[in-house]
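Colleague: These are the residues of each chain, in order.
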Amino acid sequence: MAVKTGRGFAAIEYPTGMNQNGDPSQAWIKVKPDGRIDVFAGTSDIGNGSKTIQSQIVAETIGVPYEWITYDNSNTDSSPVCTGTFASRATFVAGKAVEKAAENVRQKILEIAGKELEIDPADLEIIDGEVIAKGAPQKKISVPDVAAAATWGYGELLTGTGAQLKPYATIVEPETGKVDLPPHSAISYASCAAEVDVDEETGVVTVKRLWQCYDVGKSINPTLVEGQIEGGAVQGLGLGILENCYPYYPSVEHRGGQFGAYLVPGMEDLPQIDTLIIENPSADGPFGAKGIGEMANNAQPPAIATAVFDAVGVWVTELPITPEKVLRALQKKAAGADAPKRDGKTVIFDAELSVNAVGTGIAFGTAA
Amino acid sequence: MKAVGARVPRYDGVAHATGRTEFVDDVRIPGTLWVKAFRSPVHSATMTNLDTSRAAAMKGVHVITWEDVPLLEYGHLSALGIPADEPLLAKDEVRYLGQPIAIVAAPSEEAAMAAVAAITADFQERPALFDVRKAFDADAPVIHQEGNWYTHFENEMDRRQIRKGNIDEAFDKADLIVQGVYRPAAIEHAPIETQVCQVVPEANGRLTIYSCTQALYFSMGVVAAHLQLPLNKLKVVGGTVGGGFGGKVDTATETMCALLAQKSGKPVKWRWTREEEFLCSSTRAPWHMEVADAVTKDGWILGRKMLTLHDSGAYSRFSPYGLTKHSFHHTGAYSIPNLEFNGYVVYTNRTPTTAMRGFGVTSVSFATETHMSRIALELGIDPFELRLKNANRIGDTSPNQIAYTDPSTVPTILAIADAVGHDLTSEYAGMTPAQRSGDLLPEHLVGQLGNPEAH
Amino acid sequence: MNLTINGVETPIESGPLTSLLDVLREELGITSPKAGCEQGGCGACTVLVDGEPRRSCLTPAASVDGAAITTVEGLGTPENLSPVQQAFTHHYAAQCGFCTSGMMMASQAYIDGGGTDDREAIQHALGGHVCRCTGYVKIIDAVAAVVRGESFDPNVTAAGTAMTNLGGMA
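Chains as they are written, first to last, in this note's numbering: chain A, 1 to 368; chain B, 369 to 823; chain C, 824 to 993.
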């Protein structure tokens, strides 16, 4: 009996935006008389940081400091439609809506600035809150002065709206699943290697290290990207070895009604996590971003399951990989009863878990 | 770029660090009534003799049941034309332990609990079904009148299908067929903020709904549908959520609180206990997945057969959506030219399941990637190289026949190989995601190469 | 009953068995401690009682009569953040922010008790606090930074540890 170490690897992909699309996000922006910017969008911030991300997108698009942005997602009277914060869409889809609104505001600022400077707006740009003539930087007017001129001089409101909606991708052939349009806004990719210790005596699996690589398109906010990836890694660890609402499923008794009984990962479960970021920009996302939030807990479970096999030579494919399951699998292996069934060129793992073994109304594969 | 790509201060960072971020539970409205639920004590039963009269007679107590809901059934996906199968409050059938039946509002939490304790009903219990693998058996307990699985995919098909290429030929040609079963568990979202909602009836006849929803407009639409109100009668206040992970896309409390606010004319508040959150809130689905891959000795995956049973719990909620997404991604980050996928949304007598981080794909990533590791071991091929060999490349097509435009499978795999010090042969070490050259294209991939014009 | 809350002596009207959490939130309107579970399991309600971290949801008011209670409101203000508050802001140690108050109070107790910047020691000390969002990495980073006495530029946030951006693809 000993503690054995093993490694496993997995590569995954994940779509950005609601599957099959048809999920609108909208935003509107107004400029205060001193040039400060108010953004109204209906995107819930569930901790993912969409208030921050969308403020950054607006600041960058208009060309003003981030600190000038006020972001209001507080209610449905002042904010337009956002389908919601799910499907890794808050940066890509909702962010695209605020980007479009900000671009319209930028154009309005340039129009007024053009009148003030008597320069064609096409020859102006906005940098750090100042409208500057391209190639003649001494000719300039500040965005606050433009906003004041619009308000008190021209009697205009500097405002802009934006909406992002990818058309619904229809399944044109229900028999084959063929769709007429891409059913996603983008696809993100990730790879993960896991290193685990497995105690053959207790069955306890400890995830020691995770190496991860994510293609995020563009890190609009690198600190938030890290937070999503770290948080996702620990949730993936929970999926892999800890969490289960129904520990005796298919019996539903003994559900955990408190944190003492339902095991979410704690700080002491934290492995060393090394993360690499790749920025392979998406064609349509704001500044090339792709959705990163959800996929962050998808690659660890298969990497962990494979690492457990690498360590002690048993496959546990019913998650989570609890000490009990590991010990039962080791027992089975010791009894020589763990080998997959082999029949000609077919090798069948987990036959005892299959619908073919448990149910009678439906069958699968070669062992029907 | 100045703001984009910068490590700017978090917009809400100082508010979080000073404890001043206002969550729904922090909203203070004097005279607010507490809300509690009378829930099904059994997994499956016919309910008769629901009696709320003793509770309703208590001082300051208001009660709603199914009779108070203008539109009792409105599905999470009704807006997409998918039929509803779940009543807001149980009428005559209960299909899971903890299903809400009657909701009370009372002047204090203790009074609300006493009112719930005064509600009675009779339950004629039936055998319950918990194992999706037995849902299709002739003698399986029947959960819904229309059966034990969802039957409303396009053309009223009872399953989600993917078909691509010639699956029989792929399995005939295969050197090896590897089959396995993968079963991730149901898990809890477990946000630290439990489901919570306050509804205030305003003087102008509107309802202000303080909500922890992840989707302000979605939740407003659900409330409006159940109450049969135009949107100008509702104002949802929120956007600041104490963790969601998918579980707060469900409109768990808002509609019932809105009905109680209407009925009582007073502000009401419902904050789920942690026990309610664990036992009654929707969960991530447990999935049952079986995979059979047809592979060649040198590591090409010619074809994949897959059967997925998506455990929806007692009602469908977002499950048909999740299964469709699952089917679209069942080849993972690879090009597999011949496919036969069958997936069912299966009802059981468990708490309804719903969206959770990675919805529909977390499951299939676990199944197919664990399966890839097994294939590599069976063939004696390096697990990184097996994946690189089959990696989706620019122009390859997805299960639903859409060309991949910017896949990063190759660089992310190479990055991890490098990080862990895993040596690759030169053929793979220098690989890129570029479009497969026609000359070098394996015969089995010729037929499914996407049209580059469509990029 | 009387409590000294964030330095201010405060008469308490709630009953003796009322939880300290309810006294703070419902009677006094001090809302930084959160009702995450009311079972003592998550730590979101943690406050300092005479300097020691306590789960206020499981603490009857009478059992702390006369004690000094510190909540996040007693650490600092937006204009004058305490070192722990600065570090949590600088490191994005809060995502949704719901566990943050309890996490910060436990961190403050750890630091006040002479805790080191050793990551395992921090993990052990804060092990009973659940955060579902962050994966804990940035919380540990923040606590370690306070122990080391690092100063923080309020205009920039910290780069993550063990994070490398490889940039675009060749």
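Wrong hints could be hidden among the right ones.
Said to hold, decoys possible - Pairs of lysine-lysine residues, derived as BS3-like cross-links and limited to a Cα-Cα distance of at most 30 Å, are as follows:
(1) A:Lys115 <-> A:Lys208
(2) B:Lys541 <-> A:Lys134
(3) B:Lys757 <-> A:Lys178
(4) A:Lys30 <-> A:Lys166
(5) B:Lys757 <-> A:Lys32
(6) A:Lys332 <-> A:Lys32
(7) A:Lys325 <-> A:Lys341
(8) B:Lys665 <-> A:Lys166
(9) A:Lys115 <-> A:Lys140
(10) A:Lys134 <-> A:Lys32
(11) A:Lys341 <-> B:Lys757
(12) B:Lys665 <-> A:Lys341
(13) B:Lys665 <-> A:Lys100
Claimed, not checked - Among the chain A residues that face chain B by a calculated CB cut under 10 Å, a handful are:
(14) Lys100
(15) Asn104
(16) Thr161
Because the hints were derived from the structure by calculation, they are not lab data.
These figures come from a predicted structure and were not determined experimentally.
Where a beta carbon is used, it is the ideal one built from N, C-alpha and C, also for glycine.
Colleague: Could you tell me which of the hints above the structure violates, numbers in ascending order?
Modeller: 1, 2, 5, 6, 8, 13, 14, 15 and 16
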